[in-house]
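Visitor: Protein chains in written order, with the numbering used here: chain A, 1 to 277; chain B, 1 to 285.
Calculated directly from the structure, the hints in this document are not laboratory data.
Incorrect hints may have been included.
[Said to hold, decoys possible] Stretches of chain A that chain B covers, calculated by requiring three or more beta carbons in the stretch to come under 8 Å of a beta carbon on chain B:
id : region
1  : 57-63
2  : 229-241
[Said to hold, decoys possible] Restricting the straight-line Cα-Cα distance to at most 35 Å, the calculated cross-link-like pairs of lysine-lysine (DSBU-like) are:
id : chain 1 : residue 1 : chain 2 : residue 2
3  : B       : 190       : B       : 106
4  : B       : 45        : B       : 106
5  : B       : 46        : A       : 276
6  : A       : 276       : B       : 45
Idealized CB from N, CA, C, for every residue including glycine.
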Amino acid sequence: MIALPAILLFLVIAIFPLVSSIGTSLYDQSLLRPERTFVGFENYLDVWDEFVARVGTTLTFATLATIFPVVLGVSLAILLNARIRGRNLLRGALMLPWLLPGVVVSFLWAWIFNDSYGVLNHLLTMVGLPEVSMLGNPTGAMAAVVIAKTWNSFPWIMVVALAVLQTLPAEQIEAATIDGATRSQRFRYISLPHIVGPVALVAVLEFIYNFGNFDTIFVMTGGGPGDSTTTLAVSLYQLAFGSYELGKASAMGVLWLILLAIISSAYLLLNRRLEKR
Amino acid sequence: MSRGRDIGEAIVRPRLTIPGRITLTLLALFGLLPVYWLTATAFMKKEDVFAVDRPLFPVDPTLENITGFFQNPLLLQNLANSVIVSTGTAVLAVIVGSLMAYSLSKFRYRGRSPIMFMFLIGQLIPGALLLISLYLMLSSAGLLYTYTGLIISFTTFTLPLTVFLLKGIIDGLPDDILEAAKVDGLSRLKTMFQIVFPLIVPGLITAAMFAFMRGWSDLLFALTLAGPAKQTLPAGLTQAFIHEGTADWPALMAASLITSLPLAIIFILLQRYFVSGLASGAVKG
Numbered sequence: 001m002i003a004l005p006a007i008l009l010f011l012v013i014a015i016f017p018l019v020s021s022i023g024t025s026l027y028d029q030s031l032l033r034p035e036r037t038f039v040g041f042e043n044y045l046d047v048w049d050e051f052v053a054r055v056g057t058t059l060t061f062a063t064l065a066t067i068f069p070v071v072l073g074v075s076l077a078i079l080l081n082a083r084i085r086g087r088n089l090l091r092g093a094l095m096l097p098w099l100l101p102g103v104v105v106s107f108l109w110a111w112i113f114n115d116s117y118g119v120l121n122h123l124l125t126m127v128g129l130p131e132v133s134m135l136g137n138p139t140g141a142m143a144a145v146v147i148a149k150t151w152n153s154f155p156w157i158m159v160v161a162l163a164v165l166q167t168l169p170a171e172q173i174e175a176a177t178i179d180g181a182t183r184s185q186r187f188r189y190i191s192l193p194h195i196v197g198p199v200a201l202v203a204v205l206e207f208i209y210n211f212g213n214f215d216t217i218f219v220m221t222g223g224g225p226g227d228s229t230t231t232l233a234v235s236l237y238q239l240a241f242g243s244y245e246l247g248k249a250s251a252m253g254v255l256w257l258i259l260l261a262i263i264s265s266a267y268l269l270l271n272r273r274l275e276k277r
Numbered sequence: 001m002s003r004g005r006d007i008g009e010a011i012v013r014p015r016l017t018i019p020g021r022i023t024l025t026l027l028a029l030f031g032l033l034p035v036y037w038l039t040a041t042a043f044m045k046k047e048d049v050f051a052v053d054r055p056l057f058p059v060d061p062t063l064e065n066i067t068g069f070f071q072n073p074l075l076l077q078n079l080a081n082s083v084i085v086s087t088g089t090a091v092l093a094v095i096v097g098s099l100m101a102y103s104l105s106k107f108r109y110r111g112r113s114p115i116m117f118m119f120l121i122g123q124l125i126p127g128a129l130l131l132i133s134l135y136l137m138l139s140s141a142g143l144l145y146t147y148t149g150l151i152i153s154f155t156t157f158t159l160p161l162t163v164f165l166l167k168g169i170i171d172g173l174p175d176d177i178l179e180a181a182k183v184d185g186l187s188r189l190k191t192m193f194q195i196v197f198p199l200i201v202p203g204l205i206t207a208a209m210f211a212f213m214r215g216w217s218d219l220l221f222a223l224t225l226a227g228p229a230k231q232t233l234p235a236g237l238t239q240a241f242i243h244e245g246t247a248d249w250p251a252l253m254a255a256s257l258i259t260s261l262p263l264a265i266i267f268i269l270l271q272r273y274f275v276s277g278l279a280s281g282a283v284k285g
């Protein structure tokens with residue numbers, strides 16, 4: 001009984017909307033007119049090409065914006081696990097990029113990358129390097145949003161990796177040392193296998209979050225230049241609230257949902273395997 | 001004894017080599033310099049920021065960007081909306097979530113695993129997928145562009161988080177306490193309010209603050225479901241600055257700093273809960 005409010009609330013605000021978008025996707029429905037007409041799978045045919053193109057962009061963004069924070073976060077965790085002065089202070093300060101709201105992160109990097117007045121070009125000019133136009137061209141814009149997202153999410157991975165490093169089997173490492181294992185051997189055969197599982201889990205989770213990312217891209221590039229950074233989330237938003245095509249946007253959402261189900265099962269499988277260990 | 005532990009500690013936690021130190025410095029600079037630039041720009045004069053010989057630190061610091069924020073009625077309204085909606089989200093998520101967590105933790109019933117599974121999956125659903133249906137639902141319920149509608153919508157992504165966080169904490173309570181309460185003749189509801197909740201007050205506060213932070217940071221729902229009058233800071237700032245074309249960067253950085261401040265304060269208060277909360281994988285902003 002006491003669980004009822006949560007279940008009801010969650011069914012109504014999360015599960016029902018997912019199911020009901022299947023319904024909406026079968027209608028020609030717009031925010032501009034009250035009535036809607038049944039069109040069957042027509043919306044799906046209309047958005048298919050757009051969907052395929054957006055999946056490509058989304059995959060590029062999500063993959064890059066996962067690999068970089070993972071590499072950065074794990075490296076920092078290993079370095080911060082060493083005995084250095086001011087370790088706790090540094091660790092706390094490095095949480096800041098994660099604390100800032102996504103919108104603030106995006107404003108900040110858009111400002112850093114600003115063509116005319118941005119600090120990046122200012123610094124490049126100072127050391128005699130040519131200026132770069134990050135947000136003005138497709139490759140630069142993709143790099144820019146990946147950098148911003150990397151900066152935003154590495155602290156989370158760093159904290160998880162640090163927590164895992166706290167649980168390293170100290171006796172095993174000592175024993176290996178006594179048996180003459182070198183530092184890199186100990187890392188390769190004891191530490192690394194120990195952290196791979198949990199890090200893989202957060203990596204998949206990070207990938208799933210990045211796949212649905214909206215803030216970073218919408219604020220920094222608005223999906224441009226052209227449609228070079230238009231991911232599924234941005235595209236769906238533009239279709240629904242820019243062109244008011246609710247039916248087509250819902251069709252796009254349903255296709256996305258199918259894809260998400262496949263990716264999520266990878267996460268759930270990994271989660272289950274790690275829990276068994 | 002302690003000497004032995006020191007040696008063990010030295011092996012597991014070696015000193016950093018020179019290349020290690022250099023790498024750490026470079027990575028730390030990547031992490032921290034942007035934060036410096038955010039803060040520095042917020043205190044710079046507009047003419048300095050757009051000058052040819054731009055300084056890299058506020059040579060002639062000014063508060064005009066900060067005071068500008070507090071003199072802008074639109075941004076003040078956004079700030080007020082953010083406080084109301086995020087607080088509401090935190091309260092709703094904790095009340096509903098703690099009941100759910102208590103039930104999942106201390107009772108065995110049919111459908112318990114599917115419910116847990118549902119909340120686990122719930123964490124993975126991107127907001128954009130719910131957007132259109134939420135919009136239509138709120139619209140037909142007359143809740144579009146209202147605080148209530150926003151709070152209910154924000155609870156989609158805060159509820160799974162609160163449930164798992166609190167379940168972890170309630171799992172740690174010994175069953176003896178609950179059995180003693182049962183022997184004393186307390187009803188389930190009374191046990192919950194009189195025994196369980198007082199014991200997990202720190203956990204309830206932590207969960208509330210995590211929910212607050214996520215509500216505070218949301219852009220997508222605020223942009224579409226809030227309307228101009230109930231818009232929270234992230235959406236308000238996006239429309240006020242970015243969409244006008246030419247951005248007043250120092251003012252935007254000042255506004256960003258003000259938007260981030262509550263989260264920094266919460267982080268300082270909650271620091272010791274962060275690692276366990278984050279590491280459990282249940283928490284992500």
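Visitor: Determine for every hint whether it applies to the structure shown.
Guide: For each hint, the structure was consulted:
no.	hint	result
1	57-63	violated (count 0)
2	229-241	holds (count 6)
3	B:190 / B:106	holds, 15 Å
4	B:45 / B:106	violated, 58 Å
5	B:46 / A:276	violated, 58 Å
6	A:276 / B:45	violated, 58 Å
In terms of the numbered hints stated before, the structure departs from hints 1, 4, 5 and 6, listed from lowest to highest.
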